[in-house]
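Undergrad: Protein chains in written order, with the working numbering: chain A, 1 to 359; chain B, 1 to 359; chain C, 1 to 359; chain D, 1 to 359.
Just so you know, the hints here were simulated from the structure itself, not pulled from any lab data.
Fair warning: there could be bad hints in the mix.
Copies of one chain are not kept apart here, so a pair can be met inside one copy or by any two copies together.
Unchecked claim - Straight-line Cα separation of at most 27 Å, DSS-like style, residue types lysine-lysine; simulated pairs:
| id | residue 1 | residue 2 |
| --- | --- | --- |
| 1 | LYS6 | LYS79 |
| 2 | LYS167 | LYS6 |
| 3 | LYS6 | LYS171 |
| 4 | LYS221 | LYS163 |
The structure displayed is predicted, hence computed values, not measured ones.
Protein chains: 4
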Amino acid sequence: MIVVMKQHCSDEAIEHVLVYLQDHGLSGHLSRGVERTVIGVLGVVGPSGICGNTGCINPELGEALEALHCVEKVLPVSKPYKLASREFHPTDTFVEVPVPCVSEGVVRIGNSTIVMMAGPCTVESEKQLMTTAEAVRKAGAVILRGGAFKPSTSPYGFRGLGKEGLKLLAKARVEFGMAVITEVMTPADVPMVCEYADILQIGTRSMQNYFLLDEVGRTDKPVLLKRGMSATIEEWLLAAEYILSQGNPHVMLCERGIRTFERLTRNTMDISAIPLIKQLSHLPIIADPSHGTGHRDLVSPMSLASLVAGADGLLIEVHPNPDEALKDGAQSLTIEQFQHLMPQIQLMATALSRTVITE
Amino acid sequence: MIVVMKQHCSDEAIEHVLVYLQDHGLSGHLSRGVERTVIGVLGVVGPSGICGNTGCINPELGEALEALHCVEKVLPVSKPYKLASREFHPTDTFVEVPVPCVSEGVVRIGNSTIVMMAGPCTVESEKQLMTTAEAVRKAGAVILRGGAFKPSTSPYGFRGLGKEGLKLLAKARVEFGMAVITEVMTPADVPMVCEYADILQIGTRSMQNYFLLDEVGRTDKPVLLKRGMSATIEEWLLAAEYILSQGNPHVMLCERGIRTFERLTRNTMDISAIPLIKQLSHLPIIADPSHGTGHRDLVSPMSLASLVAGADGLLIEVHPNPDEALKDGAQSLTIEQFQHLMPQIQLMATALSRTVITE
Amino acid sequence: MIVVMKQHCSDEAIEHVLVYLQDHGLSGHLSRGVERTVIGVLGVVGPSGICGNTGCINPELGEALEALHCVEKVLPVSKPYKLASREFHPTDTFVEVPVPCVSEGVVRIGNSTIVMMAGPCTVESEKQLMTTAEAVRKAGAVILRGGAFKPSTSPYGFRGLGKEGLKLLAKARVEFGMAVITEVMTPADVPMVCEYADILQIGTRSMQNYFLLDEVGRTDKPVLLKRGMSATIEEWLLAAEYILSQGNPHVMLCERGIRTFERLTRNTMDISAIPLIKQLSHLPIIADPSHGTGHRDLVSPMSLASLVAGADGLLIEVHPNPDEALKDGAQSLTIEQFQHLMPQIQLMATALSRTVITE
Amino acid sequence: MIVVMKQHCSDEAIEHVLVYLQDHGLSGHLSRGVERTVIGVLGVVGPSGICGNTGCINPELGEALEALHCVEKVLPVSKPYKLASREFHPTDTFVEVPVPCVSEGVVRIGNSTIVMMAGPCTVESEKQLMTTAEAVRKAGAVILRGGAFKPSTSPYGFRGLGKEGLKLLAKARVEFGMAVITEVMTPADVPMVCEYADILQIGTRSMQNYFLLDEVGRTDKPVLLKRGMSATIEEWLLAAEYILSQGNPHVMLCERGIRTFERLTRNTMDISAIPLIKQLSHLPIIADPSHGTGHRDLVSPMSLASLVAGADGLLIEVHPNPDEALKDGAQSLTIEQFQHLMPQIQLMATALSRTVITE
């Protein structure tokens, strides 16, 4: 962390910063330039980062330093996340998910294979879920997605079947041998969702719901953490750090588009986040081209682009009759469209010397 | 709601949309232009908007229609929120807050008076809170802000004193006769926070935490709903609609800046949201120039600008010693700066023929 | 175009809109809903869109209608661009560029083949340019990029060699048989740049420099039009429409990233714009992953992702010694990295059943 | 400028950076932290900033350093603009404009007085211009705005009367004694526009049209530089630096809103840019609430908010009959609305102890 002082600061102001650092068990390394004086902050590496006896070099220290007299700005040098970083954990993390329908009985996400998660946006009825599950399983998906609790922008919208939806998902798991991923929206529901699901999904609106992150961090279930719709990559990795620091190492990230001024797509899918996450972190990353674009016509090209960019898997909305979907019909593939997409994914996997896990 | 069909759609596709509407108890009004056919969706006005027997004209209907074959886009005509809209409730809503230190014993926010809410970002200690409370009360603030639960981007940051913080706030209320506003972050904490606070604050990261909105909507406490950091005004009013539709009419909005590409400020404060909210809604609106800018030097000009634009009050961070603040020191005013700001606000109030509620 | 009236509008206000339309030779189709009255605007299709005798249904008519009394908003139905739209021109446009080094002597961009444009950000010296040109030609690029006029955010930065740079580019063309693409920044320079270059590049900062668009529209040179850094796709296609409407049909689009709040990349590359442009327009689209990301480590994955998403070619910065580049070194590939990228592109082309034009 | 090295860099990589700096006449100040090594870049202050014998500490040096092996990032310490900065020029700059109708014959913009610029978006006819000019002059405006050259997003839109419009503006100047401000869009038109106008306006789309900035920088006319629609404040000040560095010191800035995801306003007006510019620069700043919001209902509150935040003047669109405006009618005030606004501005000026220049 580097403290940049304003021009023409008094020696007292500079001294004040140095004393402040000392008081927190850190030390400052002074460097007087022609126009500016800068102070490098030094500490010792401890279990939760670089620390002194009463303070650590973290974003809060930066905020505190920026508040000091005559400080112009504070420039971070180290990354604020540790457990999520590749520097801390150089080798790729594999997240293991039990999947009865594959021969090994388990899928390892993040080990260069490709895993397909598909299903309806929302569980609407037994028939809708079973039809979709059967079809996507046949086409090669091994993980079934489906919302039992749905965030709806309007209070008058459909908010999901709740526990009834979870039970239907569990029924589909038994029937088709797929693992189940579903969203959990509030800490109180975590135990119930854990009972029925194999992967807990944290939605875009919940990426900074810290009580929820803590709660899923205290389970040992795999977690899929979607990027907040205006989150920076650093904030996203810090949200992952919440879960990791509670002791749950089974975290996957999911790029699902960010909000921009563009109006022809629902979000702007940030494909460059995929290789960037691979550089910065050891965690697997999944792409969600359905929410990422909002248009079913764009799902196929963006699916392939995500895989080429390095995604470990895809999360795709499929509905047997998108016309009658209660949510997000415009971005759901039909079963036929999904069946048409899978061979393209296989082709791409071959070109990339990767394997799609289908059995 | 207007459905725009793609060019060269078959009559079957158009008929399909009309039948879909009929099936939901709505009707379609066909209009064939030179290049495009458009269909106006008609219904009857019911208790939760314009509805047919099995469907209403709401965003979900729009999503469903967009998923139909040959539909190019769906254009909303009516606003998706009702209870929050000025059309539904033409006169201004006043939110009443019990404030012992004012002669009436109560403050009515939204009735053209100006109410000052001030205090530290976070409750750090009894001394810090009491010193600040005493000072801001003397300077004219009637509502004390202070976080007991703090959202921290990093899991290693300070997350507040929790219940201990709430008790200190309650103690300050007794001592100085101020009302207390504090953030509640998770549904399970709502009863406890209600016990200690006069106004429940919903933070920017929680604006779309729907379980939390539901929960505060089931209380009868005043709620201050901050704008999400990338929320549109429409989404913000829909979040207010969540609280209102649960039966709690005591909702205030709070503009605190949105995320943009500008890097010199923490957020870009959208001052135009203030008069716009006044046009679209009957709810009071408060401005938070501390988070809105992130720099204490900008707090005074943005405070005055917010009032001139029509804000019903201000929420301002003040710290007795910003150098030692555990959070957000750079955007906190010193006590002296707050004392200096208050006469400027009085002056502005006089120019605007408004009254600052101080006693 | 649909005019949505405010609630409770008088019949006079509605009549006023209808008369306004009549005065412009258009007609209005009235539809009274339960909450709102809407007016569809009708005209007859003429050479420059849908028009009446003194007005056309274009964005300006929308602006004019929005200014009328009691109008709440105006919703566009048709697209504001014609010549650039696929509706107007259903088959793909191929832009032909003379390229001596390929056997046919010409490259057709947009016909499902892949064309590689590579070279330094800026022409710095004869040695730098010739070394790079030779290397990228050998690796398979057929079009040489290189800036003679460089937009520099700072007036103290390097702004290019100007005419001297153009001459060097022309020399490289003779030497290696490559076509040359270079940026033209101001109308007065168009004739000179035409003399030396095969493709005129319009940079991101010039996308709405209408005098420049007019000027290149009056030539018959191929034009590569970069997306403005905060341009919507609609505005971008309208900029293309400027060039097309002046009579130059040889327009290619280039996605190079848009500005967002993300700070780890220089821009956020909008890969979804590639398939979207293919749907909306008949013009070829090129991807620029160098500016799109700002980091050389991201250029390879984003190159491949762009091709998979449907890009007709790539524009890539290569520098023989990025350490010594006068501009954008951090995003330039080394020659070795470019040599390493080409076989990956070949592999991807094979998987996509497309051909990379190399000879 | 501070160079942050990646973790685990070899001594050779660090040495390479130091040698690179030496080669450019600069020196590096090494600081080895626990996790990272950082290098402070030092030089000597020269006429165009801090320089060595072959290089200066400017954004280009930063780019070059970021391209070096094992460099993680480069953190700027100094501001990249000099002539526009308050550090370089601590006292406020007054821009003098000859205005026959005021008693002094000249208006000094930037000296704490308030100057009102008003008129139609576009010059449409002699009658429209003269009616508006007379009315806004009577109401207190001293500078007449009106576009002769208009940037139109669509090539089919109205692009202004050109020279004919300039002549009408000059006629209005003679008739009403007002100064004239009008946009110049391309370098070739600068001499002609200088002949007719008192202030040259650079529009938002031209903020980074560097040939145009150079050209107006070579005149001695006052220039009003609008903020680019997605420009950061730093880029905006660098654009001003272009004009200043050509020798024209008469530069005013104009905040006119930035592009965000909000859809209810045309742009998001960044009021905080006004006090921030006052801190960072000595140049006057004008606010344009017409383009800043896009809605005439928001012009009055945002005008007053801008003045309270420190704006030196306002640029407001007024049209005698907005219904018939060829451009931007929805954001134009009627003459009556402008007449109603002026007393509010007077009132606000009094409260702020400032004077509105009207005679």
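Undergrad: When the hints from earlier in the document are held up against this structure, which numbers fail?
TA: 2 and 3
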